[in-house]
Structure formats: structure tokens, C-alpha cells
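Asks: Guided by the hints, dock chain B onto chain A, whose structure is given.
First to last, the sequence lines map onto chains A and B. Residue numbers for the first sequence, in my numbering: 1 to 114. Residue numbers for the second sequence, in my numbering: 1 to 114.
Incorrect hints may appear among the rest.
Just so you know, same-sequence chains aren't split out, so a pair can sit in one copy or run between any two.
What the hints assert, rightly or not - When the alpha-carbon atoms are kept at most 25 Å apart in a straight line, the in silico DMTMM-like pairs for lysine to aspartate or glutamate are as follows: (1) Lys90 with Glu47; (2) Lys54 with Asp73; (3) Lys90 with Glu19; (4) Lys90 with Asp49; (5) Lys9 with Glu39; (6) Lys90 with Asp32; (7) Lys9 with Asp27; (8) Lys90 with Asp106; (9) Lys54 with Asp87; (10) Lys90 with Asp27; (11) Lys9 with Glu47; (12) Lys9 with Asp87; (13) Lys9 with Asp41; (14) Lys9 with Asp32; (15) Lys54 with Glu39; (16) Lys90 with Asp12.
Hints in this document: simulated from the structure, not taken from any laboratory.
Residue strings, one per chain:
Number of protein chains: 2
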Amino acid sequence: MIEAMRALKHPDANEFVLERVFYALSDPVRLDIVRRLAEVDAASCGELDGGRPKSTVSHHFRVLRESGLVHTDCAGTTHMNTLRRADLDKRFPGLMGAILNQPVPDVKRSRGAK
Amino acid sequence: MIEAMRALKHPDANEFVLERVFYALSDPVRLDIVRRLAEVDAASCGELDGGRPKSTVSHHFRVLRESGLVHTDCAGTTHMNTLRRADLDKRFPGLMGAILNQPVPDVKRSRGAK
Numbered sequence: 001m002i003e004a005m006r007a008l009k010h011p012d013a014n015e016f017v018l019e020r021v022f023y024a025l026s027d028p029v030r031l032d033i034v035r036r037l038a039e040v041d042a043a044s045c046g047e048l049d050g051g052r053p054k055s056t057v058s059h060h061f062r063v064l065r066e067s068g069l070v071h072t073d074c075a076g077t078t079h080m081n082t083l084r085r086a087d088l089d090k091r092f093p094g095l096m097g098a099i100l101n102q103p104v105p106d107v108k109r110s111r112g113a114k
Numbered sequence: 001m002i003e004a005m006r007a008l009k010h011p012d013a014n015e016f017v018l019e020r021v022f023y024a025l026s027d028p029v030r031l032d033i034v035r036r037l038a039e040v041d042a043a044s045c046g047e048l049d050g051g052r053p054k055s056t057v058s059h060h061f062r063v064l065r066e067s068g069l070v071h072t073d074c075a076g077t078t079h080m081n082t083l084r085r086a087d088l089d090k091r092f093p094g095l096m097g098a099i100l101n102q103p104v105p106d107v108k109r110s111r112g113a114k
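For reference, chain A alone in the conformation it holds in the complex (with noise of 0.2 Å):
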């Protein structure tokens, strides 16, 4: 029952909206999140969120998880995320490969690998 609980609501491919995407990815640090995601098969939060306070990181991911880039599984305490590419290419064919084939600014590589 506490499990049920803590399950978070994901969006149907169906019901994304381009809008809300669009806004999701306005963020330098959710475009981050996403294209992290994009590289790995799944990772948790704490591994995405470069040490910024989770109470800002969690608004993040919700916007995230409601635009339906990102899809979060509660296992324990541990959220496991995960770019919903497959939804995402049959809802906008074509569009996230388009946004992740473009390059990372310098600036920002550097700042990541710090």
C-alpha cells in the first residue's frame, strides 16, 4: 500500500504535449539530466544531479517525469530514472535525435567534469 502510494504518474506517449517538452528542455540543468539519460540505460538521482539541493532537483525531475522525457521507479529509497526514448520517438518521430545530436557548449563540458 505504501508502495502504491509513492508510485509516480507518468503521461501516456499519447497525451505528450510538444509544448511541454519544449519547456521541460528550457533548463540547462534538466537538458543535463536528459542527455546524462540518453547515455546510460538508467541512473539514479543522486547520479544526476550534480550535487545541486534536492529540493530543487526534485522540481526537476517532476517536470520532467510530467512532459514525459523522464520515466522514475521508486525502488526503495532509491529513484531509478530513465529517458523514455522509445515513447518519445513514437510520440515525435525523429526529435530527440535531433536534440541530442546537437553539441554540448565547451563551457558546459567543463563545468560537468568538474
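Replies: Okay, now just chain B, sitting in the frame of chain A:
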């Protein structure tokens, strides 16, 4: 001199920021303007405003200009807008094509046709 003062500022293509483009596209009114501009050489604000109040539309055009999506020329009292497709394609290869390829939801088509 008056003409020079009225000239609007536009970022160079190398100053475009991906997140700002996504923010500009995160509003249905602005996404609609971009889609309409993609189908014509140029259009006045009046042809694109959908009868919305001037104050609202001015804000949307400013966001579109500042992101790099739209160029506005002041020709007398008329502002003519163009999509900066060549600059966008140079800065973000493949991105605008993928965005403009997304089908427009039926509800928006019928609303726009009214």
C-alpha cells in the same frame, strides 16, 4: 536616426542558445507563429497575431527574436517577420526540420482555421 533607434536587436547565430530556443517554443502561441512563418517568406505581426492583444503578441515576438528564431524588420509602421531558418540550421543542424516535421494536433488546426 529614428529608423536606427527603432531597429530591433537580434542575436548572431553563434550566440543562439539551445535552451532559449526551447523556451521560445514552449508556448503554443509562439510555436504556432514559428510554424506559420515556416510556410511563408515573411509575414507581418498582424498576419500572425491571431487577433490577440498587441501587448501579449509583442512579448511573444520579443522572446522569439531574442532566442534567434525570428527576425523582425521595421518597414515604416509594419513589422515584417521571417524565420531565421538558415541561421538556425547552421547553429543547430537538423533541429528545425525535426521540429517542423511534427504533426500539428487536430484541435489546434481547427482552432487556427476559425
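Asks: State whether the alpha carbon distance between Lys9 and Asp32 is at most 25 Å within one copy, between copies, both, or neither.
Replies: within (22 Å within a copy, 29 Å between copies)
Asks: At 25 Å max between alpha carbons, let me know whether Lys90 reaches Asp32 within a copy, between copies, both or neither.
Replies: both (22 Å within a copy, 22 Å between copies)
Asks: Are the CA atoms of Lys90 and Asp106 at most 25 Å apart within a copy, between copies, both, or neither?
Replies: Classified as between: cross-chain Cα gap 17 Å, same-chain 31 Å, threshold 25 Å.
Asks: Checking an output row: Lys90 and Asp49, CA cutoff 25 Å. Within, between, both or neither?
Replies: Cα proximity of Lys90 and Asp49: none, with 28 Å in one copy and 32 Å across.
Asks: Can you tell me if Lys54 and Asp73 fall within 25 Å by alpha carbon in one copy, between copies, both or neither?
Replies: within (17 Å within a copy, 45 Å between copies)
Asks: Could you figure out if Lys9 and Asp27 sit no more than 25 Å apart (CA to CA) within one copy, between two copies, both or neither?
Replies: both (22 Å within a copy, 23 Å between copies)
Asks: Should Lys90 paired with Asp27 be assigned to within, between, both, or neither, using CA atoms and 25 Å as the limit?
Replies: The answer is both: 24 Å in one copy and 22 Å across copies each meet 25 Å.
Asks: State whether the alpha carbon distance between Lys90 and Glu19 is at most 25 Å within one copy, between copies, both, or neither.
Replies: both (16 Å within a copy, 23 Å between copies)
Asks: Please sort Lys54 with Glu39 into within, between, both or neither, judging by C-alpha distance up to 25 Å.
Replies: Answer is within; shortest intra-copy Cα gap is 23 Å, inter-copy 44 Å.
Asks: Can you tell me if Lys9 and Glu39 fall within 25 Å by alpha carbon in one copy, between copies, both or neither?
Replies: within (24 Å within a copy, 38 Å between copies)
Asks: Reference check for the pair Lys90 and Glu47, CA-CA at most 25 Å: within, between, both, or neither?
Replies: neither (27 Å within a copy, 33 Å between copies)
Asks: My question is about Lys90 and Asp12: at a cut-off of 25 Å on alpha-carbon distance, are they close within one copy, between copies, both, or neither?
Replies: Within. Shortest intra-copy distance 11 Å satisfies the 25 Å Cα cut-off; inter-copy 34 Å does not.
Comparing the model with each numbered hint stated earlier shows that hints 1, 4, 9 do not hold.
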